[in-house]
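Student: In case you want the letters, here they are:
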Amino acid sequence: MGNGLKKFTRSQLVIPLFSLLLLVVFNLIRDVEFFSVSIVTNNQGNRVLSGNLISILNGASAVAIISIGMTLITSSCKGQDISVAAVAAIAGSVFVSVLRSNEITVPVIILAFLFSCLVTVLFSTFNGILVAIFKIQPMIATLILFSAGRSIAYWINGGATPTVSSPLLSSIGGFIPGIPIPSPIIIMVMFLILISLVLRFTNLGLYTQVVGINEETAHLNGINPILIKLIAFMISGICVATAGCITVCRIGLINHETLLLDAEMDVILTVAIGGTALSGGKFNLYGSVIGAYIIQALTVTLYAMKVPSAAVKAYKAIVIIVIVMISSPVVKEFAINLYKKLFKKQVGTNIPMKAS
Amino acid sequence: MKKILALIMIAVLTLGLAACVATPPASGQTTGTSSGVIKIGIVNNPPSESGYRAANVADFERVFNEANGYKASTFYSLKNDEQLNAAQQFITDGVDYLLISAAATDGWTNVLENAKNAGIKVFLFDRMMNVDESLFEAAVVSDMAAQGRMAVQWLKEQELPEYNVVHIQGAMGSDAQIGRTTPLDDEFAKGTMNCVIQQTATWDEATAKQIVESVINSGEKFNVVYAENDGMAKGAVAALDEAGITHGVDKEVIIIGFDCNKWALRELLAGNWNLDVQCSPFQADKIDEMIKDLEAGKTLPEKIVINDETYFDARTITQEDIDKYGLGD
Amino acid sequence: MQNNVVLSMRNINKSFPGVRALQNVDFTLRKGEIHALMGENGAGKSTLIKVLTGVYPKDSGQIFLNLNSGLKEINVRSPYEAQNLGISTVYQEITLCPNLTVAENMFIGRGNYSLVNWRSMKKKTAEILKKLNIPARATQQLGTCSIAVQQMVAIARAVDMDCKVLIFDEPTSSLDEQEVEKLFSLMRELKSRGVGIIFITHFLDQMYEISDMVTVLRNGELIGEYEVKDLPRVQLISMMMGKDLEDVSTLQKRKISDEKSDVLPIYEAVGLSSTNCPNAFDFKISKGEVNGFTGLLGSGRSESVRAVFAADKITDGRIKINGADVKIKKPKDAMMHGIGYLPEDRKRDGIVEDLSVRENIILALQVMKGFFRPFSRAEAEAFADEYIKLLGIKTASMDTPIKSLSGGNQQKVILARWLLTNPQYLILDEPTRGIDVGTKVEIQKLILKLAEDGVSITFISSEIEEMLRTCSRLIVMRDRKVVGQLKGEDMTQDNIMHMIAGEAVQNG
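Protein chains in written order, with numbering that gives the first Met the number 0: chain A, 0 to 355; chain B, 0 to 328; chain C, 0 to 507.
None of these hints come from the bench; they were simulated from the model. Check before you lean on any hint, since a few could be wrong.
Stated by the list, open to error - Straight-line distance between alpha carbons at most 27 angstroms, and here's what the computed DSS-like set of lysine-lysine pairs gives:
id, chain 1, residue 1, chain 2, residue 2
1, A, K134, C, K480
2, C, K49, A, K339
3, C, K480, C, K312
4, C, K393, C, K448
5, A, K134, C, K331
6, C, K49, A, K340
7, A, K340, A, K77
8, B, K297, B, K38
9, C, K312, A, K77
10, B, K220, A, K305
11, B, K155, A, K305
12, A, K281, C, K346
13, C, K346, C, K368
14, C, K312, C, K328
15, C, K331, A, K281
Work out the full structure, taking the sequences as your base and the hints as a guide.
Tutor: Structural data, given as structure tokens:
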């Protein structure tokens, strides 16, 4: 038991979980009812879950999904892809334009999704080639699509903000009739399970980390670093397409200018909070996902506190600075020393108690 | 070596992309002395800026073409210095008229003086700039505050027993946000309306949805959603739908949007929304009319021309309105 | 006598979670003395130095330093403070900035930051370089100097900062013999100026050549302080290892005598060349043979074995494994043909520092098994457990990150990685570099044991003695070319030297 606790305190998940806990406690003190979940009947006549908890889980899904891909890129390439949000806008635009040129049925939606996946994977691979083969720093390489992505999306949309509406789409972005949980949450969970299975049944995790920590060793042990980096970018492409399509389905509208605006920064932050060093190496996918929930919980908290519009970003920044500070090695060491000082005597008295 | 190659590749790509976005000013125009053809240079923001801008650009392309007796060259940029250079280039090329929607309000005096000295007449459209009124013939602009006043006035006419407003703002500091926020803020200050939440969604639909969700989750009652553009109104409505709150004509919550996208007007027609206020991107006809007047030797009556803008009430809107005024498709 | 003492450490204790790194260790350094600190890896040498230089805080004990007015207790809290007190360190890895000039490196981080007088800085640097006979220019970029000169610059920097205690932490491991000689003459020069020098090394010869006194540590405990000239080597080794010397001496007697030249070679290359090894060479090895590449640093011995493993891009050559033509274009091909490669630079090419010992052990076998067939946790743990026990790897657990292990144990982990793949041919490039005597002997024994079991081994070491002890055939290289082969009776230190020097071999 004690050993398990020790292991846990050393794992990368401690800080994100601790931060999430702090936010939860803060909100509970502020408003005991904050996380209460109720069942309401929505305008489609379905009985669905409602409440801040659902809002947080639902609202974070897009960022959480993108952060999975970003974690892999961060780990293997020692840098971040800042074009994810712009590429998501492209994915959404492709999705909508396929849907608009056909009658919306389940196979068409699947086709549209696969098509947007294909497009984003191509764009991501382009990024990947710049990073893996031409050895350009990821942030610089992805700067190209960061600035051009939304223009490409504009071109796909023909300059407008096209809308699509169909009950099928609202069951992807909202609720499937008969299921009270928002579909984005379900998609997120499915995605997480899928990725867990991939990590469980392939060596993706090991190879990615080895490449990120020591590329030369990877090469000398028969791993192809270029391939692994490209795979990371391709997986990220699929994540980005999924997030883009979910976001489109939520509202039934593609606005290439605002779709997932600034999400790349949230995603990078999410990865950092999740315990993956932005300089690459060891990663923690679940940490990243938890990080996404932390950021969303923070946003919802600020809305609930009615923080003025102009100040929202400042408040967010303060909390994030605090979170990042707690996870810094300096603070960690201080905490460990403090713990030792406080509990040293107790440990001493524990031993005779065990003996008796 | 690889690095150099990569750098070149990036440079080529960036240039290529830049070329896609901005059409450089066409120099070496035919020195058209052919009578009847009016040469104009248009300096605008790129259509990719927004749906509004796309409609604006399309409107100018519709009016200023050879079929209507114009020889038009256009330059798009979001950057003021590039716009200034392009305008100077147009002056050098010797256009008859210069039409400008400035990226920033300052720094134009020199260029406009050059134009005046060269005998080139200048029209401003969509955005005003900080220059002396003598330097341009006329400015055709939208009045964002007027749009806000229109919406608030309409809201007051509904004579609700009480006004509990969810106010979703655009990106803070933008013209549209300031113009559309101020009249509502005045009502909040006077106490005639009650502000449930005032929060920016930075024009983003999904963020608007989250803001409304948080209000619903807090259990506070509201009967008006005032969203500063159509997209955010749509996001807000998505949140209401999920929570089982009715909206639209004679329903629990009144929905107000801005910009008059076609899809938004269709929501009005279906009675799902209540009001949409126009922000007209159509200034070309007005300028065309004024140029024709000048060519005919008339003088223009006023310097600042406010776009005729209107609003649509769900109870009175017709399909013709949608076809005529709706943006996009 | 007492006023001769520069530094005195008394009853130093230091523990890390689970380990008592130092237990009541005393250490005394006198003026103008070169004092060697010897011990196996994990004996506590590095910890003692780190306590002295303020990298780690000590748990208890006292440190006295002679500050002009006699011995005074000091409390060092950071390497910077140590430097200001006159305690400087020269490391094996250069800790200066390679992209700054020599002069900048001499003066960086010293005193007044805001005002830099470049001209006087250059002039002063040039003077010091000349005085200490260091072949570098003040304006030269440090990175363009050889490692040895870079070290000398680090020394010059310390000397110029008026240091009383100068610590050399494994300074010679990446130097060739001439450079070592130069370093030693510099050390003697400093000694004559009255600087107290602490010298940490794994090379017994060098220790005997230069040191006056030696302090031996074992498992964090002080074994004793001795005058070097009174201490026989055998005794020193036995004190360091804490066991009888039989192990070491018996090793020397065991030697593979048989030469299996008539049987089919397990690996044969004809006209092999790579981007890093442009001169094509022929090479073969038969089952159970131990051979070696020897030559000076930079002679191309590492590049040759890298070509065998296809670690660099292969440009030409035909390869046969057990007589059959095969293509080996990348490391994975070599691995699939049963070749293992332990790289020269453990830190750069060998370990995956943030990953656990377990992950580091299974890495190669895992890659051979395939991307879609990961080992289960239980399998991986069983493998790791087996090899941690087999090689006696000292680690808190198999989940410990490899970077927290000592150098020798890291090397054992890499060895375990390749042994786990059950190779038929193992290439070991400097497996014994930078590790303690005990582990060195263990590794040599392991090589012979593996060879007995039928594994072919190519072994490279800077210590010719080690190679003579283990190899049955030596390939001698000079200037990136194979200049000859030696086997059997011809394999003597003399002959190797002659061959490297380009002279005729004397048949013995």
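Student: Each hint needs a verdict: does it hold in this structure or not?
Tutor: These are the hints, each one checked on the structure:
Taking the CA atoms of K134 (chain A) and K480 (chain C), the gap is about 33 angstroms. The hint is violated against a cut of 27 angstroms. With a C-alpha separation of about 23 angstroms, the suggested pair K49 (chain C) and K339 (chain A) falls inside the 27 angstroms cut-off, and the hint holds. Straight-line distance between C-alpha atoms of K480 (chain C) and K312 (chain C) comes to about 18 angstroms, which keeps the hinted pair within the 27 angstroms bound. Between K393 (chain C) and K448 (chain C) the alpha-carbon distance is near 21 angstroms, which keeps this suggested pair within the 27 angstroms criterion.
Proximity of K134 (chain A) to K331 (chain C) is assessed by CA-CA distance (about 22 angstroms); at most 27 angstroms being required, the pair is judged to hold. Between K49 (chain C) and K340 (chain A), the direct Cα distance comes to roughly 24 angstroms. Compliance with the 27 angstroms bound is thereby established for this hinted pair. The straight-line distance between the Cα atoms of K340 (chain A) and K77 (chain A) is roughly 37 angstroms, outside the 27 angstroms bound, and the hint therefore fails. The straight-line distance between the Cα atoms of K297 (chain B) and K38 (chain B) is roughly 19 angstroms, inside the 27 angstroms bound, and the hint therefore holds.
Distance check on the hinted pair: K312 (chain C) and K77 (chain A) sit about 25 angstroms apart at the alpha-carbon level, within 27 angstroms; holds. Between K220 (chain B) and K305 (chain A), the direct Cα distance comes to roughly 15 angstroms. Compliance with the 27 angstroms bound is thereby established for this hinted pair. At most 27 angstroms may separate the alpha-carbon atoms for a hinted pair to count; K155 (chain B) and K305 (chain A) meet this at roughly 25 angstroms. The suggested pairing of K281 (chain A) with K346 (chain C) holds, with an alpha-carbon distance near 17 angstroms, which does not exceed 27 angstroms.
For the suggested pair K346 (chain C) and K368 (chain C), the alpha carbons sit about 25 angstroms apart, so the restraint of at most 27 angstroms is met. Of the pairs offered as hints, the one joining K312 (chain C) and K328 (chain C) holds, with about 7 angstroms between alpha carbons and a cut-off of 27 angstroms not exceeded. With a C-alpha separation of about 23 angstroms, the suggested pairing of K331 (chain C) with K281 (chain A) holds against the 27 angstroms cut-off.
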